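A.B. asks: Throw the hints in and build the complete structure from the sequences for me.
Chains as they are written, first to last, in my numbering: chain L, 1299 to 1543; chain Z, 12 to 536.
Think of the hints as simulated: they come from the structure by calculation, not from any bench. Treat the hints loosely; a few may be bogus.
[Stated by the list, open to error] Computed, partial: chain L to chain Z, Cβ under 10 Å:
1. L1346
2. Y1386
3. L1484
4. A1489
All figures in this text were calculated on a predicted structure; none of them were measured in a lab. For each residue, glycine too, the CB sits at the ideal point set by N, CA and C.
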Amino acid sequence: MDMASLPRAVELASPGARNPRWQPGRPAALHSEIFAPAGEASGVGAALALALDGLRMRGRDAEGAAAEERSVLWVQDAVARRLGGRPYRPGLPKSLRHRLIHVAAKTPEDALFALEEGVRCRDLACVIGEVAGNPRALSFTASRRLSLAAEKHGVPLFLVRLDAEADLSSARMRWQMRAAPSAPPLWNPAAPGLPAWQAQLFRARSHAPGEWTLRTLRDGLAASLPDRVKAVEEASDTTLPRRTA
Amino acid sequence: MAASPPRRIMAIWACDLPLDRWRHSENCKSGEGADAQPLALITETAHGPRINAANAAGHAEGAGRGMMLADARTLCPQLEVRPSDPAGDLAFLERLAVWAQRWGPWSAIDPPDGLLVDVSAVAHLFGGERRLIADVAQLCTARGLSVRSAIAPTAGAAWALAHYAPPGTILCPQDDIAGRLADLPVAALRLDNDVLLVLRRLGLKRLGDLTGVGEGASGRDAIHRRFRNRKSPAANPLIRMDQLMGRVPEPLLPVIPLTAALVQRRLLEPIRHRSLLDTVVADLAEDMARELEGRGEGARRLQLGLWRVDGEVVLRELELAAATRDPDHICRLFAAKLDDVDAGFGIEMLRLRTSWAEPLRIGQADLEAAAEEHGTSLSACIDRLTVRLGADAVQRPVLRASHIPERAQGWQPPLEAEPVQQEELAFHARPLKLLDRAERIAVLYASPDGYPRRFRWRGNVFEVARVEGPERIAPEWWRQKGSARLRDYYRIEDDSGRRYWIYRAGLAGDGRGGEPDWFLQGLFA
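C.D. replies: Structural data, given as structure tokens:
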């Protein structure tokens, strides 16, 4: 028997230690869904930030620089393109600009096909998808296909759902994302700063749900608890045992 | 470069093919035994039996080809009849065509009873064309076939000479074809009977008549007008005449012998045990799969022969529902059939033969399975996406040398090298996504500095909390019209944190249109 897999005493004492809260730098799930409003680029912006965070972690341990040069597939269906526009190379994160492949699918079915082919391709660093609404094709079966393929081939998939209801899905992490006011830049406080998002992790397999304000820094991603959540957390820690998922 | 040798076609006409085959089956010589009596081969038609061929004795009594049997019986009551066998004749002719390739590299059948052999540049192997013809006559006579053959530069001329000239006629390349063939009847043109009837009624009985009429432009024109609706060569004497002269090409379908796929293993040591037999059968199935794959075929019926040391042969047959060449599948099916094989003192040779094969495309089942198992490479992935979605759906953004935002980015196929640029334009801050067309926004309240404090876009009202700008982008005067307006871009963030890129097209009072409009072009992350 593998002794390492058994819970240690400290983990049994505090339930949070065995099922830790998510934080940047933890290995991301291979299939994440991000629900975001269509009128802003927060969903795909956060997806790129999470993807880069995951790539940075992976690049640090084994594969190194090879992973940094692999392409990123960005799939959009027609409605998502009309609502949110196409990726714009000068505005992309610097490490992605030269390795983006864009797929303009017409229907959600084509987009799902492209996503599945993408996660099957071992030469891709990650796959970003944008699908608007709740199309019939994106059923639980379809999301399960995507999860299994992503986990089989180890290619992370971030599926951004624009203006969608949180229906049945087998995604391992499900986020609700919207834009948050950015921190004022140092030299011009009246200007918009580096992007920030209000992120709510409402369903995850290996993490407790929670809410954060994600901020991109010059060299990575930072998460801080929003003020009102902080207050609730402190209160619940003293009165109620923390729920484990 | 030397000119290619002139084309030489040999026509062989087996003038008595059905009767020759009948004599062969009766094992009698011409005019002896059963052939001494008047005999006719008949076919049943809607109007009663009709004579297909009659032997020499029958001809002497008045029976002829194409006659009704009842008419012939009135002339010769003792006429014997046998059914004719046109399908068997055709099959025999096909085998004969393959056999006739001993005289030339390819041969074609000329139903119902002729062959065409291409003997260009091979006559010297037989000692000249005259000896070649003699060789044909000698070998065919030895097989019991009466043939007439001729050699000419075109298939049409060779056919005409074989049928209507003395046997063994040779038309040299330098001969005048029209002159040599002028005395032959028009039937030598291989025309349909109704056309021959028309020509006879026109008084055109010899090829010379036809060429004589055809000499003058008006004569050829007249024939052309009469047969203007006849596109088929067999119905149009002008086309046939041109083919005979070699003025238009005449495609022929050569006969190619097909052999059944066959693999065999001779064993050094006779085998007596089932496990060894299974191994050898698996080897044979692998060989057969490779052989069939090379032919692009799949097996429908397989025959496995096991030769035993004591002279016995065990045969096992297998029929398959669909063409296949999967060795595992074949082995599994044969395994059930080999349970009752008696090996005796041992099996020394095994042979696997495909007696019935069907075309089977070469599939890429393995590629698909490998992709399922190990993932695809980038190029395979792009191929799959391109095939389903189209080439312009899978693209890579590349930079272009322009500072107009929508022109600063182009698209190209994903695996092509990026175009070389002297220098990348360094922009201040650009949005993550750009709308395909900038969308007009309605400014509800603008600050005195000029940027909007509140605007409406897609039915929602946005309160601008923070702003940076303007970044002025002038039109490209070397490309755009003089009336193009400059743009003042603002990077804004509203009170809930949504970040956009908006611009004002033009300035108030710049003389290039009315009041400037506001547009939203990009979405920041």
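A.B. asks: Determine for every hint whether it applies to the structure shown.
C.D. replies: Results for each hint:
Interface hint status for L1346 of chain L: upheld, as the beta-carbon distance to the closest one in chain Z is roughly 7 Å, under 10 Å. Nearest Cβ of chain Z to the Cβ of Y1386 of chain L: about 4 Å, under the 10 Å cut. The hint holds. Because the smallest distance between the Cβ of L1484 of chain L and any Cβ of chain Z comes to about 13 Å, over 10 Å, the interface hint for this residue is violated. Here the hint on A1489 of chain L is kept, as its CB sits about 4 Å from the closest CB of chain Z, short of 10 Å.
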